[in-house]
Amino acid sequence: MSARQLTLACIAALALAWGFLPEFTLTVMSYIGLYALVAAGLVMLTGVGGMTSFGQAAFVGLGAYATAWVCTSPLAAAWLPAGIPPGLLPLVGLALGLLATYAVARFLGAVTLRLSGHYLPLGTIAWGLSLYYVFGNLDVLGGFTGMSGLPPLTLGGFSLASPLYLGPLIWAVLLFCLWALHNLLDSREGRAIRALKGSRVMAESMGVDTAHYRIKLFVLAALLAAISGWLYAHLQRFVNPTPFNINIGIEYLFMAVVGGAGHLWGAVLGAALITLLKEQLQDWLPKLLGASGNFEVIVFGLLMLFVLQRFADGLWPRLQVASGRWLKPEARRAAVASAAVTLQQRVLPPAGQVLLDARQVSRRFGGLLANNNVNMSLKAHEVHALIGPNGAGKSTFFNMISGVDTPTSGEVRLMEQPMQGRPSRDFAALGLGRTFQHVRLLGQRSVLENVALGAHRRGRKGWIASMLRLDRAEEAAILAEARRQIERCGLAEFAERPAASLALGQQRVVEIARALAGQPAALLLDEPAAGLRHLEKQALASLLDQLRSEGLGILVVEHDMEFVMNLADRITVLEFGEVIAEGTPAEVQANPRVLEAYLGGELNGGGL
Amino acid sequence: MDLQIALILGQDGVVNGAVYGLIALALVLVFSVTRVIFIPQGEFVAFGALSMAMMQAGKVPATLWLLIALAVATLVVEAWRHQRGQPVEWAATAVWTLALPALAAALVLLVKPQSLLLQSVATLALIVPLGPLLYRLAYRPLAHATVLILLIVSVALHGVLVGLGLLFFGAEGYRTPAFSEARFDLGGIPVTGQSLVVVAMAAVLVVAMFVFFERSIIGKALRATAMNRVGARLMGIPTELSGDLSFALAGLIGAVSGLLIAPLTTVYYDTGFLIGLKGFVAAIVGGLGSYPLALAGAVMVGQLEAFSSFWASAFKEVLVFTLIIPVLWWRSLNSRHVEDEE
Numbered sequence: 001m002s003a004r005q006l007t008l009a010c011i012a013a014l015a016l017a018w019g020f021l022p023e024f025t026l027t028v029m030s031y032i033g034l035y036a037l038v039a040a041g042l043v044m045l046t047g048v049g050g051m052t053s054f055g056q057a058a059f060v061g062l063g064a065y066a067t068a069w070v071c072t073s074p075l076a077a078a079w080l081p082a083g084i085p086p087g088l089l090p091l092v093g094l095a096l097g098l099l100a101t102y103a104v105a106r107f108l109g110a111v112t113l114r115l116s117g118h119y120l121p122l123g124t125i126a127w128g129l130s131l132y133y134v135f136g137n138l139d140v141l142g143g144f145t146g147m148s149g150l151p152p153l154t155l156g157g158f159s160l161a162s163p164l165y166l167g168p169l170i171w172a173v174l175l176f177c178l179w180a181l182h183n184l185l186d187s188r189e190g191r192a193i194r195a196l197k198g199s200r201v202m203a204e205s206m207g208v209d210t211a212h213y214r215i216k217l218f219v220l221a222a223l224l225a226a227i228s229g230w231l232y233a234h235l236q237r238f239v240n241p242t243p244f245n246i247n248i249g250i251e252y253l254f255m256a257v258v259g260g261a262g263h264l265w266g267a268v269l270g271a272a273l274i275t276l277l278k279e280q281l282q283d284w285l286p287k288l289l290g291a292s293g294n295f296e297v298i299v300f301g302l303l304m305l306f307v308l309q310r311f312a313d314g315l316w317p318r319l320q321v322a323s324g325r326w327l328k329p330e331a332r333r334a335a336v337a338s339a340a341v342t343l344q345q346r347v348l349p350p351a352g353q354v355l356l357d358a359r360q361v362s363r364r365f366g367g368l369l370a371n372n373n374v375n376m377s378l379k380a381h382e383v384h385a386l387i388g389p390n391g392a393g394k395s396t397f398f399n400m401i402s403g404v405d406t407p408t409s410g411e412v413r414l415m416e417q418p419m420q421g422r423p424s425r426d427f428a429a430l431g432l433g434r435t436f437q438h439v440r441l442l443g444q445r446s447v448l449e450n451v452a453l454g455a456h457r458r459g460r461k462g463w464i465a466s467m468l469r470l471d472r473a474e475e476a477a478i479l480a481e482a483r484r485q486i487e488r489c490g491l492a493e494f495a496e497r498p499a500a501s502l503a504l505g506q507q508r509v510v511e512i513a514r515a516l517a518g519q520p521a522a523l524l525l526d527e528p529a530a531g532l533r534h535l536e537k538q539a540l541a542s543l544l545d546q547l548r549s550e551g552l553g554i555l556v557v558e559h560d561m562e563f564v565m566n567l568a569d570r571i572t573v574l575e576f577g578e579v580i581a582e583g584t585p586a587e588v589q590a591n592p593r594v595l596e597a598y599l600g601g602e603l604n605g606g607g608l
Numbered sequence: 001m002d003l004q005i006a007l008i009l010g011q012d013g014v015v016n017g018a019v020y021g022l023i024a025l026a027l028v029l030v031f032s033v034t035r036v037i038f039i040p041q042g043e044f045v046a047f048g049a050l051s052m053a054m055m056q057a058g059k060v061p062a063t064l065w066l067l068i069a070l071a072v073a074t075l076v077v078e079a080w081r082h083q084r085g086q087p088v089e090w091a092a093t094a095v096w097t098l099a100l101p102a103l104a105a106a107l108v109l110l111v112k113p114q115s116l117l118l119q120s121v122a123t124l125a126l127i128v129p130l131g132p133l134l135y136r137l138a139y140r141p142l143a144h145a146t147v148l149i150l151l152i153v154s155v156a157l158h159g160v161l162v163g164l165g166l167l168f169f170g171a172e173g174y175r176t177p178a179f180s181e182a183r184f185d186l187g188g189i190p191v192t193g194q195s196l197v198v199v200a201m202a203a204v205l206v207v208a209m210f211v212f213f214e215r216s217i218i219g220k221a222l223r224a225t226a227m228n229r230v231g232a233r234l235m236g237i238p239t240e241l242s243g244d245l246s247f248a249l250a251g252l253i254g255a256v257s258g259l260l261i262a263p264l265t266t267v268y269y270d271t272g273f274l275i276g277l278k279g280f281v282a283a284i285v286g287g288l289g290s291y292p293l294a295l296a297g298a299v300m301v302g303q304l305e306a307f308s309s310f311w312a313s314a315f316k317e318v319l320v321f322t323l324i325i326p327v328l329w330w331r332s333l334n335s336r337h338v339e340d341e342e
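For the record, the sequence lines run as chains A and B. In terms of the numbering used here, the first sequence opens at residue 1 and continues consecutively. In terms of the numbering used here, the second sequence opens at residue 1 and continues consecutively.
These are computed hints drawn from the structure, not numbers from a lab. Predicted model only: the values in this text are computed from it and were never measured. Some clues are possibly wrong.
Said to hold, decoys possible - In silico contact screen, one side only, chain A against chain B (beta carbon under 7 Å); selected entries:
no.: 1; residue: Arg114
no.: 2; residue: Ile250
no.: 3; residue: Val297
no.: 4; residue: Ile298
no.: 5; residue: Leu302
The C-beta atom is built at its ideal place from N, Cα and C for all residues, glycine as well.
Build the full structure now, drawing on both the sequences and the hints.
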């Protein structure tokens, strides 16, 4: 039995048993479904995207209050066009709730998500608290007493008043959302989303607008919360501010973290555990402590501390490991490549055309002048090496010509366009591919997925298409392209392995394959030969030679002089932030200033 | 509104702002040294105020039992670490787990202080060691985790402490007698002695912290750790000690803030959270990194709160927390390049 079959069997068993379960169990199950929906959003946000929110309860509140207001307020009745059948009012409420949530989340995200990751959660604490007071103080929304008399949902005239009938709808919505989120993560967009956590610089260089993706992910999580709130309101048929307060927002986060913030099913596990535990604790804690109050938070907090310290990934991965012994591993279904879909192709510029041009580039860090009036150009169909002793300013320069940093003065032009102040994803869009000196791969993901991220810009299918599996043809084309580049770089046997399991030198080659998957015109390599063995270096040299003959312009920052001198057409030498020599390998080797920089003093001969 | 009301509100704002400023300083300190966004800072404020109130009511504050429990737990953890061959700072451990709890217990159980001064000392002895003990138990095992994980730990800890606060002090609020009953008249504006005490005490603490960080070797070590953790460790500054110390300062500032506000407003077991969050809004003005900007932010928060309680008292909290939005927006204007998170 595979994990997939087990999941389907569990769902089928739940569906069959539903009609025979006691009313109380059905109610609890319905709530677990509602909470899991919110927690699933938090899994996407926290475990996958590397952000978090304590204010999800407030979004649940927006969803609940929107429908409550539409369905019961006389004011709403006066505003809405006459003639809407009462059965459709909840749908109007849903639309209003989603709209309001979208607007708030979009705004909050836009304000906080360009900053470091901890500003979003701090912002959501403030937002979660504020909304509670707004709900409680607005008479239109019933103040702290709330609004009652919500109609039940109806489906084709059939009333879904009791958990017996509404529960299946809740679970159907939950399972559909889990399926869609699972699909999203297993797609081109999903790879970009996974890179948001700790690899934003890399993702930007692959052409991903990470701030925008972060906002979208936050909005997605908020919308899931709003849907849960809508269902909640029609299950309770009554709303007041209490369930949408900040401490409930924190409880949602507990569910996601305890269950396993990196796994969608962790949300369901966490929601079930916390809900059942809360039920029990509220029963016997007051008896034990001899006082009534919200004491379960003590236990939840301690549980949370324990889980974070001992099982940082939550409990779901533990279940996976335990069940792995008797579950069959999932057979990877190869996506069918379709001839109909081709990725965007770039027409490479003719040989000799200047691709990248840095003029009088200076970079100052406080009192330190790291680059001083550096000039350098890269042409199509050449290998240009940038060398210099440690601390010469090579990395600083590399950052500026790849859009990670902006020069203090001077100009960088890419494909004849001024790039001053533009982000590195714009560099990628114009045809610049790069690798990193300190390897930046998603270590847990396979080599194939890492390389496929390099082709991100060449696909077009968006989030919704990915969720609904309308992206399969394109996805197959992207994966085929990634495989092609992996084979070309000689790593075919490692394609399915986690990237972190490869030797460091091989990881550098994976980075080259990833850059190539973006079909660049200019390729910037930061110390590509470091950590490679002799034969691997030869293979790398012949790969770069082949790429040059295909018309790429390649800039190499490298310390291995033999490698550089045999490969490069031109060499630029940096020392103390300034260009001290430029020319063919032979010219540079004969240059006395270069000899002095490398060997120190007035040494003659020897050669580099 | 006439000028007189405006001046009275402004005075309120300054007094509240002084307390928020102290808390903002503690938050900036803890964040820059340990990367912990210390949400439970507000609980120190409430615990300080309520422990004082308990002593004045002639009861033993239950924070003493919490302190002893945490001290024992820490001793067990340290002994276990020692067993496994990890280095343990026994001298510092003895201060936090033995000396200060013993002092607190002696004061609370044997001396049963009657004077405000001695009660305040007892309160400090109760609350200050909670900082380093919580640091060692909750945060230190995760010292290498991301800021985000540490923040989640903070929120979990906040939950635990608020729940314990309710258990310890009940749902009722308390107010303590003022340190000064004096009243002045400043050009028609009534000024209470207590508000002067608050502002003066806050000023003294700020100056003391400034001197500590500028002049003392320990203060400089903390600053070095804040600037570059790895570099400071390589220079022989133990990271754990800087963690202990910054959390102890956070405990001190929290307890003092609690003592200062308890005569001005009724403190409930969960009052600390809101006070702490207002400190956060102030600290965020300075990007969680600048002390002067955090103080300026605190004055702003205090004034906004005072004036909004006059114009729209029901929405006072909403207005104060909404201030965070323009502040964050203003900060985001200055961030241009993407950086990876720690």
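Hints, one by one, checked against the model:
Here the hint on Arg114 of chain A is kept, as its CB sits about 4 Å from the closest CB of chain B, short of 7 Å. Proximity of Ile250 of chain A to chain B holds as hinted, the smallest CB-CB distance being about 5 Å (cut-off 7 Å). The criterion of a C-beta within 7 Å of any C-beta in chain B is met by Val297 of chain A, whose closest approach is roughly 4 Å, and the hint holds. Look at Ile298 of chain A: its Cβ gets to within about 4 Å of chain B, closer than 7 Å, so that hint holds up.
The beta carbon of Leu302 of chain A is positioned within 7 Å of a beta carbon in chain B (closest approach about 6 Å), and the interface hint is therefore held.
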